[in-house]
Amino acid sequence: MHSFMNKFFSRNNLPQLNWFGRIFSFLMINGYWGVIKNPTFYQGPLKGITLPVLNCYSCPLAYTSCPIGLMQHFLEIRLIPYYLIGVISTIGVVFGRATCGWICPFGLLQDILYKIPGRKLQIPHKLYYMKYLSLLVTIVLSIWMISPVFCKYFCPVGTLEAGLPHIIWVPEFRPLLTWIFGIKFALMIIFLLLFVFTKRPFCTTSCPMGAILGGFNKVSFLQMHVSAYKCTKCDICREVCPMDISIWKNPKDLDCIRCGRCVVGCPVNAIEMTFRSVKIAKLNVNPILRESDTQG
Amino acid sequence: MKKRIGALILLLISIAILLIGIKMGQIEETSNKGNLICLDCIGIA
Numbered sequence: 003m004h005s006f007m008n009k010f011f012s013r014n015n016l017p018q019l020n021w022f023g024r025i026f027s028f029l030m031i032n033g034y035w036g037v038i039k040n041p042t043f044y045q046g047p048l049k050g051i052t053l054p055v056l057n058c059y060s061c062p063l064a065y066t067s068c069p070i071g072l073m074q075h076f077l078e079i080r081l082i083p084y085y086l087i088g089v090i091s092t093i094g095v096v097f098g099r100a101t102c103g104w105i106c107p108f109g110l111l112q113d114i115l116y117k118i119p120g121r122k123l124q125i126p127h128k129l130y131y132m133k134y135l136s137l138l139v140t141i142v143l144s145i146w147m148i149s150p151v152f153c154k155y156f157c158p159v160g161t162l163e164a165g166l167p168h169i170i171w172v173p174e175f176r177p178l179l180t181w182i183f184g185i186k187f188a189l190m191i192i193f194l195l196l197f198v199f200t201k202r203p204f205c206t207t208s209c210p211m212g213a214i215l216g217g218f219n220k221v222s223f224l225q226m227h228v229s230a231y232k233c234t235k236c237d238i239c240r241e242v243c244p245m246d247i248s249i250w251k252n253p254k255d256l257d258c259i260r261c262g263r264c265v266v267g268c269p270v271n272a273i274e275m276t277f278r279s280v281k282i283a284k285l286n287v288n289p290i291l292r293e294s295d296t297q298g
Numbered sequence: 032m033k034k035r036i037g038a039l040i041l042l043l044i045s046i047a048i049l050l051i052g053i054k055m056g057q058i059e060e061t062s063n064k065g066n067l068i069c070l071d072c073i074g075i076a
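Line by line, the protein sequences give chains V and C.
Here this note's numbering is used: position 156 in the first sequence is 158, and no number is missing along the way.
Here this note's numbering is used: position 32 in the second sequence is 63, and no number is missing along the way.
It should be emphasised that the hints constitute simulated quantities derived from the structure, not laboratory data.
Possibly wrong hints are sitting among the right ones.
Unchecked claim - Distance condition first, Cα-Cα at most 20 Å in a straight line; then the derived SDA-like pairs of lysine to any residue:
hint : chain 1 : residue 1 : chain 2 : residue 2
1    : C       : 54        : V       : 191
2    : V       : 220       : C       : 55
3    : V       : 220       : C       : 38
4    : C       : 34        : V       : 224
5    : C       : 33        : V       : 122
6    : V       : 254       : C       : 54
7    : V       : 128       : V       : 111
8    : C       : 54        : V       : 84
9    : C       : 54        : V       : 48
10   : C       : 34        : V       : 253
11   : C       : 54        : V       : 50
12   : V       : 128       : V       : 46
13   : V       : 235       : C       : 39
14   : C       : 33        : V       : 278
15   : V       : 122       : C       : 36
16   : V       : 122       : V       : 191
17   : V       : 235       : C       : 34
18   : C       : 34        : V       : 278
19   : V       : 220       : C       : 54
20   : V       : 128       : V       : 188
21   : C       : 34        : V       : 252
22   : C       : 33        : V       : 253
23   : V       : 254       : V       : 234
24   : V       : 117       : V       : 251
25   : V       : 128       : V       : 276
26   : V       : 254       : V       : 92
27   : V       : 251       : V       : 231
28   : V       : 251       : V       : 92
29   : V       : 254       : C       : 36
30   : V       : 220       : C       : 39
31   : C       : 33        : V       : 246
32   : C       : 33        : V       : 167
33   : V       : 220       : C       : 40
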């Protein structure tokens, strides 16, 4: 079993596995193509499922419910969302923030748009703390205003996945649009532009789901390991990282999305992804050691 | 070893919370909410 996992998750396979995983999950989460015949959206028992990824449940293609939308709903009706907490924490304890790197459709969109060639910019890491503020404001205002404030005033995912398709396909909605849609539309355009120039700007600075899941990186079964013996601190891991973090500084970084690109990108094979005792994304080539490592 | 046991305990607590939620009928509540179009998400409300 271990050898199968090692072979399956070998570092050579990891990039392909990651892309396959994300495209597959995108098609699974947003797979209601019946909408082409009938411009409505999926309504059925699968909407009872929620996954720790940001995907608007009003998206015409969506099969599952959005955890942040659901959190706000439960806060509005003054109920503790045990089901939601259970889903997020169970997946978080096992995989940490890996769902951001392996499942999230909005993360996939950001990574695709970042591939557009051109000048790239770096987001100051102090802005990474904004997502915690985003989570806090969402919780406090949802309770206070009894309204899904994140969905209503901010969420670019909702505007892109639900707002635009419904407005295009359902003409009756168009006269009902308010200034709120204007704000949300402008925010969505700003984010889409940022996606081209910066690495995952929404995930790093704004995503409340990422803020929740990040905490599980400290305790999760799925972990990153950096060999202090092999690491040359060249920081190539940061260059290849979609979240722009230096994993060698802190393998349990709250912003690590466990995508494994650093495992593949490390020139000295110093980084491994492990599932507690079982090594996955294991090294399958001899590490290139520095001269200083081989001496003495 | 301590961390592994800690993670296992956390996992068990998480599963217990999940089961409480399921027993309270929160999957149905989630489904009901998800099956209504979210006008806030669209920008109409």
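Hints versus structure:
For a cut-off of 20 Å, the pair hint linking residue 54(C) to residue 191(V) is broken: about 42 Å separates their Cα positions. Our distance criterion of 20 Å between C-alpha atoms is broken by residue 220(V) and residue 55(C), whose separation comes to about 30 Å. Between residue 220(V) and residue 38(C) the CA atoms are separated by roughly 10 Å; this keeps the pair inside 20 Å, and the hint holds. A hinted pair counts as satisfied when its Cα atoms are at most 20 Å apart, and residue 34(C) with residue 224(V) qualifies at roughly 12 Å.
The suggested pairing of residue 33(C) with residue 122(V) is violated, with an alpha-carbon distance near 43 Å, which exceeds 20 Å. A distance of roughly 34 Å separates the Cα atoms of residue 254(V) and residue 54(C); the hinted pair therefore is violated under the 20 Å criterion. Of the pairs offered as hints, the one joining residue 128(V) and residue 111(V) is violated, with about 24 Å between alpha carbons and a cut-off of 20 Å exceeded. With a C-alpha separation of about 10 Å, the suggested pair residue 54(C) and residue 84(V) falls inside the 20 Å cut-off, and the hint holds.
With a CA separation close to 17 Å, the supplied pair residue 54(C) and residue 48(V) stays within the 20 Å bound. Annotation: proposed proximity of residue 34(C) to residue 253(V) holds, straight-line Cα distance about 15 Å (limit 20 Å). For the suggested pair residue 54(C) and residue 50(V), the alpha carbons sit about 14 Å apart, so the restraint of at most 20 Å is met. Under the criterion of a C-alpha separation no larger than 20 Å, the hint pairing residue 128(V) with residue 46(V) is inconsistent with the structure, at around 42 Å.
Taken as a hint, the residue 235(V) and residue 39(C) pair is broken in the structure, with Cα atoms around 33 Å apart against an allowance of 20 Å. Under the criterion of a C-alpha separation no larger than 20 Å, the hint pairing residue 33(C) with residue 278(V) is consistent with the structure, at around 12 Å. Between residue 122(V) and residue 36(C), the direct Cα distance comes to roughly 43 Å. Violation of the 20 Å bound is thereby established for this hinted pair. With a C-alpha separation of about 18 Å, the suggested pairing of residue 122(V) with residue 191(V) holds against the 20 Å cut-off.
Among the hinted pairs, residue 235(V) with residue 34(C) is inconsistent with the structure: their alpha-carbon atoms are about 27 Å apart, more than 20 Å. Restraint check for residue 34(C) and residue 278(V): satisfied, since their Cα atoms lie roughly 10 Å apart, inside the 20 Å limit. The suggested pairing of residue 220(V) with residue 54(C) is violated, with an alpha-carbon distance near 30 Å, which exceeds 20 Å. Note on residue 128(V) and residue 188(V): the hinted pairing is violated, with a Cα-Cα distance of about 24 Å set against a maximum of 20 Å.
With a C-alpha separation of about 17 Å, the suggested pairing of residue 34(C) with residue 252(V) holds against the 20 Å cut-off. Pair hint residue 33(C) plus residue 253(V) holds up; C-alpha atoms about 18 Å apart against a cutoff of 20 Å. Restraint check for residue 254(V) and residue 234(V): satisfied, since their Cα atoms lie roughly 19 Å apart, inside the 20 Å limit. A threshold of 20 Å between alpha carbons decides the hint, and for residue 117(V) with residue 251(V) the separation of about 26 Å lies outside it, so the pair is violated.
A hinted pair counts as satisfied when its Cα atoms are at most 20 Å apart, and residue 128(V) with residue 276(V) does not qualify at roughly 29 Å. The suggested pairing of residue 254(V) with residue 92(V) holds, with an alpha-carbon distance near 18 Å, which does not exceed 20 Å. Annotation: proposed proximity of residue 251(V) to residue 231(V) holds, straight-line Cα distance about 14 Å (limit 20 Å). Our distance criterion of 20 Å between C-alpha atoms is broken by residue 251(V) and residue 92(V), whose separation comes to about 27 Å.
A distance of roughly 18 Å separates the Cα atoms of residue 254(V) and residue 36(C); the hinted pair therefore holds under the 20 Å criterion. Our distance criterion of 20 Å between C-alpha atoms is met by residue 220(V) and residue 39(C), whose separation comes to about 13 Å. Between residue 33(C) and residue 246(V), the direct Cα distance comes to roughly 31 Å. Violation of the 20 Å bound is thereby established for this hinted pair. Between residue 33(C) and residue 167(V) the alpha-carbon distance is near 50 Å, which puts this suggested pair outside the 20 Å criterion.
Pair hint residue 220(V) plus residue 40(C) holds up; C-alpha atoms about 14 Å apart against a cutoff of 20 Å.
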